[in-house]
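Single-letter residue listing:
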Amino acid sequence: MEDLTAADIAEILEVSDSFVEVGRRANPKVPSLRGRTVATLFLEDSTRTRMSFETAAKRMSADVLSFAAGSSSIKKGESLRDTIETIEAIGIDAVIVRHASAGVPAQITKWVEHCSVINAGDGWHQHPTQALLDLYTVREAFGGGAKAMERFDGLKVAIVGDIRHSRVARSQIAGYTALGAKVTLVAPATLLPPSLEGWPVEVTHDFDDVLERVDVVSLLRLQAERGSGAFVPTLREYTSGFGLTTSRAARLKEGTLILHPGPMVRGVEIASDVTDLPGALITAQVRNGLAVRMAVLFLMLGQGSRPPVRPDTPGRTNGDDGARGAEPDVSAAGDDGAIDRDGGPMGQQGGEA
Amino acid sequence: MAERERSHARPRRALFVPRVQVMTADDVRRAVVRMAHEIAERNRGLHDVVLVGLQTGGVPLAERIALTLAESEGLELPVGTLDVAFYRDDIGLRPVLPEATTDISFDLTGTTVVLVDDVLFTGRTIRAALNALGEYGRAQAVQLAVMVDRGHRELPIRPDYVGKNLPTSRDEMVDVSEDGVSLGELVER
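Respectively, the protein sequence lines represent chains X and Y. Once you know that position 328 of the first sequence is 328 in this note's numbering, the rest is easy, because the numbers rise by one and skip nothing. Once you know that position 126 of the second sequence is 126 in this note's numbering, the rest is easy, because the numbers rise by one and skip nothing.
Any given hint might turn out to be false.
In the SDA-like style, the derived pairs of lysine to any residue whose C-alpha atoms are separated by at most 25 Å in a straight line are [as the list claims (entries may be wrong)]: (1) Lys-29/X - Glu-99/Y; (2) Lys-29/X - Thr-112/Y; (3) Lys-182/X - Lys-58/X; (4) Lys-110/X - Leu-93/Y; (5) Lys-147/X - Leu-93/Y; (6) Lys-58/X - Pro-60/Y; (7) Lys-147/X - Pro-60/Y; (8) Lys-29/X - Arg-127/Y; (9) Lys-29/X - Thr-109/Y; (10) Lys-29/X - Asp-89/Y; (11) Lys-58/X - Gly-134/Y; (12) Lys-58/X - Thr-101/Y; (13) Lys-29/X - Phe-106/Y; (14) Lys-29/X - Ser-105/Y; (15) Lys-147/X - Thr-101/Y; (16) Lys-29/X - Gly-123/Y; (17) Lys-58/X - Asp-89/Y; (18) Lys-58/X - Gly-137/Y; (19) Lys-147/X - Thr-56/Y; (20) Lys-29/X - Arg-138/Y.
No lab work stands behind these hints, which were simulated from the structure alone. Nothing here was measured: the structure is a model prediction, and the numbers come from that model.
Only chain Y is shown next, with the shape it has when bound in the complex (with noise of 0.2 Å):
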């Protein structure tokens, strides 16, 4: 490795810049109650539900909706992480890593997966996550539940569970974080 170069070896990280603050804290919160409650109601009972929280923005939003359910409905419903991007149909396109480990530790045949992400977009981190999900078995049905859908689909993928729905155009940025989720721009720092 000798070799290699150093000069360009890390790439400058775009900042992002917040322009207005479309949910605050609160909003988030009661949007991840009115969601846990949505999941419950249509899967009555909660059997054989699973949730799998996409890296990185995904696993925390799992977290809070399992959180809820333990509270409202008294169960515990197994939480696992889910990093896509080996399954990217962007990879050799843009630069590529995993953000972090994959952590599923049961089985998924025969069980209801809700898929938990931040921010839906253009799908294409979704349809990586249902190539992904196949290794772990053969899940009965998927369902997806996401803090913001901004549009721009690319592919015939739609939200189960949707916090907000939030028009945007495509060059803005959409940050979700426990503080809340605001609509901005990444600037190259």
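Extracted from the complex, chain X is given alone in its bound form (with noise of 0.2 Å):
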């Protein structure tokens, strides 16, 4: 996520349009990634976002294999690299990688030769389509298009929650701050990494003192399976601290956005009555998260020379480029022999999302 820039998240976005418009019509399915096939593998529990990958793949009739920790081989001591070696033997042009360690995926883009990676998130690293389907959302509520990804140019928008333990507010801060908007960490001094160090935002441990300034609040879950329960006295506490209760809610700005990737706890970190307002954009969220994760994946399966070429690994800086094929022929691409139909912005993209 911390390598996109505002013109890829732009890119992502407006493929993304295309896929909402998808996703009204009577038959939302597309035939443009037939004869792919996408595994998820989530060795970390997940509904959500392994639906919303799934129903992705199926709408643009891909095929897709889901694999799952406890009815696999790895539950028989397999290793998690024979695991993807055996993946990419049969054949898969993409998985679908969380997992509960951070850096899982970037390793994943190591060992495969053709498959591409996508990180669903990984431990408390990150979780990029949930940024970018965050970003999608606060697009569509400015109205859509480059006007509305220009008013992310100053935005203030306040993360609250569990910082500490949160891939999602990871990928968020980096995105938000790709396009020019002003992060501000809420939180108590237990939830927030030992260090920010390098970290673009501001940070309060007042969530009150932020609310009539800010114009996107984002959410997070009070992380209880990573412990974050021992971070707070109580939940009440928390609540009465970082939850966006009634009467909080009630001193936001006018129009101000309410962001959950959820699952959310209904009384802990947001009170019920609160997801109910017109800027709570909970399950605007879902709903995008579909059209985005699509866009995700025909960015990487729908581009380039078949077979899909090699995954980036993280952190390089100079190309392997040559190990990418050949560079589209430009004049035989544009099947109508017009010049604005030749190439996309995004051109050739594999690698890892």
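Dock the two chains into a complex; use the hints.
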């Protein structure tokens, strides 16, 4: 997520627009990834992200295989690397990975030759499609299109809650910052990472102080399974300090957007009736997540030459471009011969999203 | 997404260098008027006729044809736009991206659809468009209007209304705009 520029994000969101339109049709299925096979490898629990990715792939006519740790050979003691090599040997075009440890998707990209790897959340590290769908949802609330993208510049975003354990927050910070927004983290000191050095954010422990100044409130779940319960004295105390209660919601500026990546715990980080406010976009986020994930899959699998080129590995600065197959032959590409049809702005983009 | 490489996300975009102008702005205007009249003539009364412009070059043409028909026939035809990116047969072979979103806000069932595009070349875009149209209802008939037919068809597709037949070589490019039609080459920038 950190490597995405504002222009990249804009492109992904524009492609998502097309898939939102597809979703509105009576038959919301397009043949664009026919013959491709996508596997979901979720080694950590998930409902919405996996369902969203699987639906996204199916709506583009890809075949979807679903691996779950409990029912796979991982339980028999197979290593992740062997599992991945098996997946690739079967001939799967993309694998969507969720893992409890940071960096696993990046590591997997080093093991595979042809298979694209999509990070659906790794440990506390990143959850890129969640951040992208948040950005899409905010952009949609601003009216969509290039004009809405401009409004991110200087936008004041508060990310509230368990920052320490949140991969969503890390991706959100990167995404909002790339678009020029100013991010403020709101959390008790125990729920912040040990060091915020290099993070392009402001930090406050006082939610009430920022309420009237922010344009977007992005709430995070208190992640009990990662032990955040031990980082706050009691849930009630957390709610009184950092929950978006009805009285706090009333103090927000008019038009303030409220986002939550889900699953939300009503009564803890968000009051039940707050979710019904016009600015609460939580359902829109889920809906847009589908279109954004379709866009990511399409951009990764619908591009370039078959077989898909080797996905990128992290942190490399100079390209192994040669390994990615030839540049598209532009003159032969525009099959209607009009110049405006040649190639897309994203061009050949394999690699990891 | 931290793991994506930056260096080649943005490919070089080829630049169109016009060599010769084959239609002036006036020629294009006259061709639009003639095609509009041909559409009215062939579909007597223009009952249930809708125009669908292909993104992006066909959209302004469809709008101009609709405008002409509004003036001459006093009828406002519905105009939709269609992007065929998800229906192409070359997905995975070259970069394919939607140019813009599809916007067809009316049911096509029972209508006569006039597909409008700027340049007809191999016919593959039109094949994709025919597949895409099916998602919006079962049209009674589909007709094709193009400003320039440059030949080199690879599929059994022919236009019903043509602005200009323009013999070309395969590596030439045709540019259609409000200012006219030019023939030229693509040069890698």
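Enumerate the violated hints, using their earlier numbering and listing them in ascending order. 3, 5, 6
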